[in-house]
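4 protein chains.
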Amino acid sequence: MNKKTYILDPIHGQIEIKEIKIIESPLFQRLHNVKQLTAAHLVFPGGVHTRFSHSIGVSHIAEKYGEHLFPDDKHKIKLLRIAGLLHDIGHGFGSHSYDDIVYSKIFIGVKKGHDCQRIEIIKYMKSIVEEYGVDINDIINIWNNKNPLMHSIIQGDLGADRLDYLMRDSYFCGVQHIGTIPVQRLINNSLIKNNILHYNIKIFDDIKLTLSARYYMYKNIYYHKTSCSASIVINNILKYSIEPLNLIKRTKNIQKFILINDTTLIGEILANNKMKICQKYCFDYLHRKLPKLFWEKITTDYESDIVEKNKIINDNPNLIYYENKNIKLTTNIYLNNNGKSILFENIDQKTYHILRLYKTYYI
Amino acid sequence: MNKKTYILDPIHGQIEIKEIKIIESPLFQRLHNVKQLTAAHLVFPGGVHTRFSHSIGVSHIAEKYGEHLFPDDKHKIKLLRIAGLLHDIGHGFGSHSYDDIVYSKIFIGVKKGHDCQRIEIIKYMKSIVEEYGVDINDIINIWNNKNPLMHSIIQGDLGADRLDYLMRDSYFCGVQHIGTIPVQRLINNSLIKNNILHYNIKIFDDIKLTLSARYYMYKNIYYHKTSCSASIVINNILKYSIEPLNLIKRTKNIQKFILINDTTLIGEILANNKMKICQKYCFDYLHRKLPKLFWEKITTDYESDIVEKNKIINDNPNLIYYENKNIKLTTNIYLNNNGKSILFENIDQKTYHILRLYKTYYI
Amino acid sequence: MNKKTYILDPIHGQIEIKEIKIIESPLFQRLHNVKQLTAAHLVFPGGVHTRFSHSIGVSHIAEKYGEHLFPDDKHKIKLLRIAGLLHDIGHGFGSHSYDDIVYSKIFIGVKKGHDCQRIEIIKYMKSIVEEYGVDINDIINIWNNKNPLMHSIIQGDLGADRLDYLMRDSYFCGVQHIGTIPVQRLINNSLIKNNILHYNIKIFDDIKLTLSARYYMYKNIYYHKTSCSASIVINNILKYSIEPLNLIKRTKNIQKFILINDTTLIGEILANNKMKICQKYCFDYLHRKLPKLFWEKITTDYESDIVEKNKIINDNPNLIYYENKNIKLTTNIYLNNNGKSILFENIDQKTYHILRLYKTYYI
Amino acid sequence: MNKKTYILDPIHGQIEIKEIKIIESPLFQRLHNVKQLTAAHLVFPGGVHTRFSHSIGVSHIAEKYGEHLFPDDKHKIKLLRIAGLLHDIGHGFGSHSYDDIVYSKIFIGVKKGHDCQRIEIIKYMKSIVEEYGVDINDIINIWNNKNPLMHSIIQGDLGADRLDYLMRDSYFCGVQHIGTIPVQRLINNSLIKNNILHYNIKIFDDIKLTLSARYYMYKNIYYHKTSCSASIVINNILKYSIEPLNLIKRTKNIQKFILINDTTLIGEILANNKMKICQKYCFDYLHRKLPKLFWEKITTDYESDIVEKNKIINDNPNLIYYENKNIKLTTNIYLNNNGKSILFENIDQKTYHILRLYKTYYI
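Residue numbers (the numbering used here), protein chains in the order written: chain Z, 14 to 376; chain W, 14 to 376; chain C, 14 to 376; chain R, 14 to 376.
Honestly, the hints are just simulated from the structure, not real lab data. Worth double-checking, as some hints may not be accurate.
When chains are identical, the list treats them as one kind, so a pair holds in a single copy or across two.
To be verified - Below, computed lysine-lysine pairings styled on BS3-like, alpha-carbon distance capped at 25 angstroms:
#1 Lys269 x Lys118
#2 Lys289 x Lys262
#3 Lys287 x Lys16
#4 Lys338 x Lys118
#5 Lys89 x Lys118
#6 Lys91 x Lys215
#7 Lys238 x Lys139
#8 Lys269 x Lys89
#9 Lys31 x Lys310
#10 Lys89 x Lys252
#11 Lys363 x Lys91
#12 Lys324 x Lys287
#13 Lys287 x Lys262
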């Protein structure tokens, strides 16, 4: 009897765990303490799930893709599993806030610093990862799109990452009417042509439904006005702690990075009596005292609306500006139409922007 | 158009919120930072839901009971709603560990100290609560079983608390095959006779299924060997922080109690360089380095198994002993059989005990 | 203890039944023997649910709308409940096929004859229905849009009928990723202005999601190529039985109409040795020997594609033509934007047509 | 790209179909017209699912068992898949009623005649089945328990048949709180020892939950008083049609057997003017005019309760007696406890009997 280890997941059921030592490592266990949606629970109280279960889920979907696309290549399947497992290992406290406030000072000019940090981390974990017979450079190449086919399976428009977070975020937040997608059908109808991931055109509606699910999840959950309002507060927490808590140095030191997370950082700030302003922002977050929306514009015409925004803020200089710019449904989806490749251009969906002004209660 | 406020819950759907100020208070918001199942996510990664969503859910079920039992008494329904909303407001960091380590020193001789703490808290919140036209003493009487009928609706064997946590815990952990219960059917078949909550005997099987669901949830989730192992670690975290962090004094001060929770305490410990031993336990918790099970006995004969346990521990003095004693399915369920009351005695299910010995890796 | 009757529904849970005698009548029980989706189970084997459970579901949603919109008007709520319960009572064997082949000969010039038949039926059931204290003319006026407000609650673009069938059809067919919609949220955000049903503009995305769900359900389930192929066969069954089985006369006689349904008609045909051709079509249906798709065009330009179709059929005169014409997402949805009414014009979604040619194997 | 065929199932998702010709055969398509639960929809309106989807589901679970137990033996997996697919192919109109009334006259002394009929059918289908490279005798041996290991995988106490019907029946009826079971966990913890199917003792609670689910499904769904009442009517329909419709001869002729099903038989009876009494029973079934329960006893002491029953019926000679005798939770479940085999004896659950008397309205 071959002894197998399973983790029970509310989205995918029993998931067999093959790289146990990676999962048992403190760097991976840290993901138990990084919420997937940062502050979405302040609007959707169920949305407290973590990057731990998401990472397990992405690894699982990646494996399913692998079993479908490379049924006889156990090594490729393993690479996909590990690339999925560790794809979010670099996320900091507050996820995208950490990218904006902390990582931007470490990885200059990079928008999503956690994508750089994960490379530092996998190098740090090299011996554990390579115990499973893979070269970490192969994983890094998947992440960095040096291996575009494998990259698209993990992080493409219909890749394992997206398929998992749509299902998972909607399940935990209770918005299954928005994020439920046909995961099995997408995988079962994927194929490789000219070394590019394609999908059978007969599931074109399923693809559009999935893109649409993502569009509405962004608009209604991830960019919910209150989620963004909480981001303002979390950004402030990070701005006011980056120096006193030495976040840059500690983030660069992977061993120390483990202890910067949702379960540790706020307590550390509250224990530090020299951080009064930062503590105030922590209280705001803990007590859900968030800036209230004053004005918003969801638009495809950024330039003209910035003018409008500036006019308003001129008259109300205490308003806080927060924007989500260049939100788009990407279109790198290749369809297979009886042997002919078609690149799906999602022209109905224009790039849009959310501009918001919030009232502050501190003056 | 009457403006209503809803919270979206993955278990019950849209729940109308009628006592908004209570929910907006920092003491209630604190529940966002108290996990419902403390450390169950170390076994069931989805089980990270909080006492916030549970409390909203209990309030909702309590309201449904009220609408069924007292369709014309809006005040009673409101009392039930608020008694449900605040029933868990006293829980500390680590829930039952806090009862054992901290509350036991404040509320001497009391097993579940959070039940005393909630009374202190509702007194502190008196003005907010009474704004909604209720007397807090009526709430306290429900909790304290001075009002046995209302008490059974909230905390009885088939009360709102249990119905919610069975559904919720199984949903988030992904064990719906264990905890799914017929909530609507139980409520729709409840009635009052001689001022005692009864259930129509025709749903006797539904009642047994619900009791059985609870039995298996305890055995497989709440008392899972790894959950208990984590409790050992959390108990140690509390033992070693109770003095240096002044937990007793801060717990008695309701305003300060707000900041003792899952998001603050560990960070505070890690920031305190005088707490090296306690920090080590925090690392164990954060990195899931938990004592491993060496021996266990699930038994209905406590005395004889204690003898066996003592024998083993004599030979292995470094083992850690952990027990869950007197676990039972209570039997205060009244059935209505065509006008005749029957007290259901659940004789099949005996009180049982779980005795466990864990290996420590510290010597 | 007030004795209530419930029906258990997999979509809505326990539904209290208030008009029991209507439900117990043979005309309503007949709906157990009329499939909701006629032949969809030949593609989606779970899709065998009946108009019985759908009708109960529509009645339930109608009641929820009523309780929200007219909380103090029990009579209006009752009218909605009954109008929902009986809205599909006129459907014949094969639903839309019966409209096309049989009802079109009874109710000349009417496209959906079952809407006329239901009026005949409610008149026939007058005494049972009016026992519940309603005037059947009020029900008929709801159906006939003489009462446009109530009509929109039952049969409007977001009315009880649609909300139920989207949820139900997707649940039974297993396509929850297509048809799951936010029923509660739609109802909770509905309101009446100027005697017109409106929805709060803040749920505009939920509305678009619901319209989109309907669009994709039509395209992928209701108008699935094999469902339509089965319709060709069912149309033939009806064409070849309308005379020998006297369907017109029996349909006009409400008492006899009860016995024309999915459980009776085919057996009757098979027992009639003079109906050899019709029997062959029955075998085709029973054994799933359906015409295979040869060509299809899903288009917004009907005229030009008809030309193309005619060209093909000229060369292949044995092909069978089947079309679904003028499929559109209607746009009579009024939004309330802070007191201002807006009529939502769904301009993204153009009216489209499905043109199909099937190969026959009979020549 | 290997072209695969999938069927979408609401329970198991996309199921790959490997033996298409078997499924396309009229004998298998017939299962679309045999309800899984005969008349349960008269109590649970959603319960109209068919043996078609159940058979696909059993085949799927059997395959999963096979992939777990014999990962390298594609032939064994195929045998399991086909044995599952065809295990219910012999069911007649009204399933267990057909066993009692019709098959009992063909297969003398056999309780479940459909188990004999399926052997006749697979012999009839020999050429189609054997096209897939299996010997039909191997399938028959699985069914007949000549191959006890494979038999237990298909039809054992935790075999594919039971696992599927518990999940499926509860989903369609809307009683997931009764029938939801941990299918994956059972399969993942199955193993073979001494050529006997075992389960790891660590899932003992899951096994008990599954047996308990079955117990409550029987008591509340399959043996619901109204389901049994409908069985009385269906038995009468069969008794009064067996001769005039030549059911025995037609059942023995496999080609003709295809047309005896839920979609054909009642219509045939209604078309036959010489079957007035039988028609009356058909009307009772169609219009849900069922005998009402007068007395019932659910008991473990058959003999003494029969005395009581006889006493009552003596005074009320027009009552109809209906019993379900010897209902038990079987106990042939082998557990593996660290290499030691344990046969689980389910002593808590005694064999029980349901005795019922119904009032008739025909005298």
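Each hint tested on the structure:
1. Lys269 x Lys118: For Lys269 and Lys118, only the intra-copy Cα distance (17 angstroms) is at most 25 angstroms; the inter-copy one is 35 angstroms.
2. Lys289 x Lys262: Cα proximity of Lys289 and Lys262: in one copy and across copies (22 angstroms, 22 angstroms).
3. Lys287 x Lys16: Neither way: Lys287 and Lys16 sit 53 angstroms apart in one copy and 44 angstroms across, limit 25 angstroms.
4. Lys338 x Lys118: within (21 angstroms within a copy, 54 angstroms between copies)
5. Lys89 x Lys118: For Lys89 and Lys118, the Cα distance exceeds 25 angstroms both inside one copy (35 angstroms) and across copies (57 angstroms).
6. Lys91 x Lys215: neither (29 angstroms within a copy, 29 angstroms between copies)
7. Lys238 x Lys139: For Lys238 and Lys139, neither the intra-copy (41 angstroms) nor the inter-copy (32 angstroms) Cα distance is at most 25 angstroms.
8. Lys269 x Lys89: neither (32 angstroms within a copy, 53 angstroms between copies)
9. Lys31 x Lys310: Answer is neither; intra-copy 47 angstroms and inter-copy 30 angstroms both fail.
10. Lys89 x Lys252: Neither: 41 angstroms inside a chain and 48 angstroms across chains, both beyond 25 angstroms.
11. Lys363 x Lys91: Neither way: Lys363 and Lys91 sit 37 angstroms apart in one copy and 46 angstroms across, limit 25 angstroms.
12. Lys324 x Lys287: neither (38 angstroms within a copy, 54 angstroms between copies)
13. Lys287 x Lys262: both (19 angstroms within a copy, 23 angstroms between copies)
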